[in-house]
Structure formats: structure tokens, C-alpha cells
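A.B. asks: Produce the complete structure using the sequences and hints provided.
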Amino acid sequence: ALVSVRHSRIDELINNGNKRAKRVKRVIEKQDDVISATQLGITLASLALGWTGELTLESFFSGLDLDNIFGDGTTFGLSAVIAFMLITYMHVVLGELAPKSLALQHAEETALWVAWPMEKFTQLTRPLIILFNGTAWLILRIFGVRPLSGHRLAHSEEELKLLISQSEKAGLLESKESDILRKTFDLPDTMIREIMTPRVELIIISVEDPFKDIVKLVRDSGHSRIPVYEDNKDNIIGLLYAKDLLKYYAIHLENSSGLSSNNNPSIRDILRKPDFVPETMFAHKLLTQFQSSKRQVAVVTNEFGGVEGIVSLEDILEQLVGDIQDEYDSEPPEITKMDENSSEVSAQTSLEDFNQYFNTEFESEQSVTIGGYLVENIGELPEEGETHHLENITFKIAKKNGFRIETLIVDKTESLLPEEEEKQVKNGKKVDK
165 ALVSVRHSRI DELINNGNKR AKRVKRVIEK QDDVISATQL GITLASLALG
215 WTGELTLESF FSGLDLDNIF GDGTTFGLSA VIAFMLITYM HVVLGELAPK
265 SLALQHAEET ALWVAWPMEK FTQLTRPLII LFNGTAWLIL RIFGVRPLSG
315 HRLAHSEEEL KLLISQSEKA GLLESKESDI LRKTFDLPDT MIREIMTPRV
365 ELIIISVEDP FKDIVKLVRD SGHSRIPVYE DNKDNIIGLL YAKDLLKYYA
415 IHLENSSGLS SNNNPSIRDI LRKPDFVPET MFAHKLLTQF QSSKRQVAVV
465 TNEFGGVEGI VSLEDILEQL VGDIQDEYDS EPPEITKMDE NSSEVSAQTS
515 LEDFNQYFNT EFESEQSVTI GGYLVENIGE LPEEGETHHL ENITFKIAKK
565 NGFRIETLIV DKTESLLPEE EEKQVKNGKK VDK
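165 is the number of the first residue of the sequence shown in our numbering; add one for each residue after it.
Hints are supplied without guarantee of correctness; some may be wrong.
Simulated restraints, written as ranges between beta carbons of each label pair [what the hints assert, rightly or not]:
id, residue 1, residue 2, range
1, Leu208, Ser172, 31 to 39 Å
2, Glu467, Leu327, 34 to 42 Å
3, Ile368, Glu467, 17 to 25 Å
4, Gly543, Gly335, 50 to 58 Å
5, Glu544, Glu321, 55 to 63 Å
No lab work stands behind these hints: they were computed from the structure. Since this is a predicted model, take the numbers as computed values, not measurements. We put the CB at the ideal spot given by N, CA and C, even for glycine.
C.D. replies: Following this line, the structure appears as C-alpha cells:
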């Protein structure tokens with residue numbers, strides 16, 4: 165009971181003025197001594213039971229005059245065997261199994277009742293406890309084993325996962341809660357490049373773009389933060405926040421009659437400095453960085469300084485709780501079968517789901533969605549209505565939203581192209597428009 169009782173519950177009882185809880189707190193803070201005292205008490209009780217039990221039974225059997233019937237020593241031998249079997253049975257059932265089961269199921273109540281006698285017994289036997297513990301630790305040191313507190317050892321990751329699974333099976337944790345806890349252990353092993361939005365899927369603007377076009381792009385995209393580059397897309401100079409643009413836009417409307425070719429304000433002054441993080445950085449470290457910097461978005465770079473993508477706080481949280489949909493997100497990616505060979509596919513469908521559905525083996529270190537994979541292989545952002553081939557799959561760009569592909573028409577047929585043309589097709593060459 166003293167080992168399994170929840171410390172937080174004891175603290176709560178103390179705050180409520182429970183005096184017995186204060187004693188429990190003192191006892192569990194010296195748990196090693198209490199456990200040693202308990203083991204000593206169990207040993208002494210076992211020896212006492214064996215001694216008194218054997219004497220009692222020997223006295224009982226001596227009255228039956230068994231030595232004269234079966235020979236000398238019969239009374240002693242029979243009483244010793246029966247005493248051993250009976251006392252062992254009673255000791256295991258009444259002294260071990262039943263009390264432990266009761267204590268585990270009612271740890272709080274039991275701890276409150278046993279704390280006082282355990283504290284007094286520990287104080288009474290402290291010299292013996294010091295002697296026994298010291299001797300045990302000395303023997304361990306002789307064999308090169310470092311003595312540790314056996315009752316305060318931390319649980320390993322695998323042990324904690326097992327505890328989570330057991331708690332879920334026992335109904336103490338909801339399935340969603342246990343899933344989040346398990347995913348927490350995976351966060352330190354998750355690299356940023358695994359969760360980022362890759363460069364080929366980014367909506368990105370040039371600092372030199374016309375102000376009216378920038379306003380329209382931010383409005384249509386639904387994103388609250390957009391990276392801005394100068395000269396080339398590897399030179400990200402800042403992040404444009406939609407709320408900053410709205411204020412800036414309002415100010416210029418108030419101070420002028422409107423926006424024209426002669427009134428083209430620059431967004432350079434309202435850009436916010438971004439954090440740059442390497443693609444090999446682990447997710448839990450980025451989470452800590454976001455907390456300290458009070459930012460929610462970072463630009464991901466490779467070893468050569470080139471931009472690989474964007475990662476946000478939402479990307480990290482989705483590793484724990486799953487996809488987070490907001491008012492600007494479309495419905496979850498899906499694949500809708502149109503006829504025997506054709507299907508309508510969301511460009512946001514993951515490569516894993518696409519491969520599983522179409523029995524393909526598309527792989528990429530940069531792209532995680534089929535839309536990103538298509539753009540990566542084509543080498544440019546396709547126009548709506550274009551048709552492209554990858555292996556024996558035909559992709560038609562059915563719908564776009566600004567610079568983002570939304571829907572694809574996918575037709576899976578056996579490739580009948582000549583050898584040389586098929587070689588070009590595998591590289592994502594455009595066939596028709």
C-alpha cells in the first residue's frame with residue numbers, strides 16, 4: 165500500500181488537513197527503510213510461526229502416544245511436516261496474497277492505517293536495518309555491483325509503454341489518451357524533415373511581387389504565415405503574417421485613394437524574421453525552441469543552406485494528436501473511384517495511402533503527398549488541365565487553388581509506350597496539355 169499509493173493524492177489529503185496523511189508522507193519519503201523493516205518483520209514472523217506451530221503440534225501429537233506405536237521420533241517428525249505444510253499455506257494465503265490484494269485495491273485507505281505502526285516499527289528496528297542494509301551493500305560492492313535504491317529505480321521507456329498498455333486494458337486510460345502518451349515517446353526520434361511541408365508544396369512569394377497580387381494570394385491561400393524570398397527561393401528573408409498585412413493594407417487604404425501602379429507599397433517593412441532550423445533537427449528540440457522564441461513557424465534548411473520546407477507548431481502537435489483541421493483546411497484527403505481505371509484523388513493524399521490503393525511503389529525523401537511527389541518529378545508547377553505520366557499512372561491536374569494542386573484524376577493503365585518514350589515518361593515528362 166505504501167509503495168503503490170499515489171503521492172499526489174497524499175499531498176491533496178495533507179492540504180485538506182488530514183494528519184494521518186502527513187505520517188504517510190513521512191513514511192513513503194523513507195521508503196527504503198520501511199521496505200527493509202517490512203522484510204525484517206516478515207522474516208521474524210515466519211520464524212516465530214514455524215517455531216510456535218511446530219511446538220504446538222508436537223504437544224498435540226504427543227498425547228496420541230505415536231512414539232510407542234510407530235517408534236521413537238514419530239511425534240516430532242509428523243508434527244514438523246504438518247506444521248511446515250499448514251503454516252506455509254496459512255502464511256502465503258493470509259499473510260501474503262490476501263493482504264497484498266487488499267492493499268493494492270485500497271492503497272490509500274490501507275496506507276493511512278498502517279503508516280503509524282510501520283513508522284514505529286522502523287524506528288524500533290533501525291539499528292538492525294542499518295546493519296542489514298550495510299552488509300548487503302558491502303557484499304554488492306565486493307562483486308562490483310553499485311548499490312542503488314531498489315524502490316526508487318526509474319522506469320525505462322519500454323516499461324512505461326507497457327504500463328500505459330496495461331492501464332488502457334484496465335480501463336484507466338482512454339484509447340486516445342494512451343495513443344497520445346505512446347506517440348510522445350516517438351517525438352525525440354522524429355526528424356523535422358519527416359513532418360515539414362516540403363518546398364514543392366509551399367506557397368511562397370517574392371518581396372518584389374505587386375502588393376495587390378500579394379494581398380490576393382494571402383486571401384486565397386487561407387494561410388496565416390507565408391515565407392517571402394528575394395532574388396531566389398533559397399534566400400528567405402522573412403515571414404509575412406496575414407494579420408500584419410491586413411493592418412498594413414488598411415493603413416494604406418486610409419492614407420490613399422486606393423492601390424495603383426503608382427501606389428505599390430513594399431511588404432519588406434512588415435516581414436518578421438524567421439527561425440532557420442536544420443532538417444535533421446528532432447521534433448522535441450524544435451518544440452522547446454518554439455517555446456523559448458515564442459514563434460510557431462520555422463524555415464527548414466539542408467546541409468548546404470538551401471530551403472527544404474516549412475515546419476510549424478501544428479506539424480509537431482499533429483504527431484501527437486493526429487490531423488488538426490481548421491476553418492481553412494479542406495476535408496480529409498480521399499480517393500473516389502470514378503470507373504474501372506480512373507479515380508479522383510486529393511493531391512494531399514499521402515504517398516503511403518496512394519501506394520496502398522494503387523499498388524505502386526512511389527518513394528521520396530522530400531515529398532509526403534502525391535501532389536508534392538508529382539511536382540517533384542515534373543520539375544515545375546503544372547497548370548490545371550495538364551496531363552502527366554509516371555510509370556503506368558496517368559495524372560490529370562483536375563483542380564488548382566492558386567499555386568496549390570487540389571485534385572487529380574488518376575488513370576492506371578498498362579504502359580504501351582515505346583521504350584525510349586517510356587524512359588522519358590518515368591522521369592515525369594509532360595505528354596499533352
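A.B. asks: Each of the hints needs a verdict: does it hold here or not?
C.D. replies: Status of the hints after comparison with the structure:
no.: 1; hint: Leu208 - Ser172: 31 to 39 Å; result: holds, 34 Å
no.: 2; hint: Glu467 - Leu327: 34 to 42 Å; result: holds, 40 Å
no.: 3; hint: Ile368 - Glu467: 17 to 25 Å; result: holds, 21 Å
no.: 4; hint: Gly543 - Gly335: 50 to 58 Å; result: holds, 54 Å
no.: 5; hint: Glu544 - Glu321: 55 to 63 Å; result: violated, 45 Å
Taken one by one, the earlier hints fail for this structure only at number 5.
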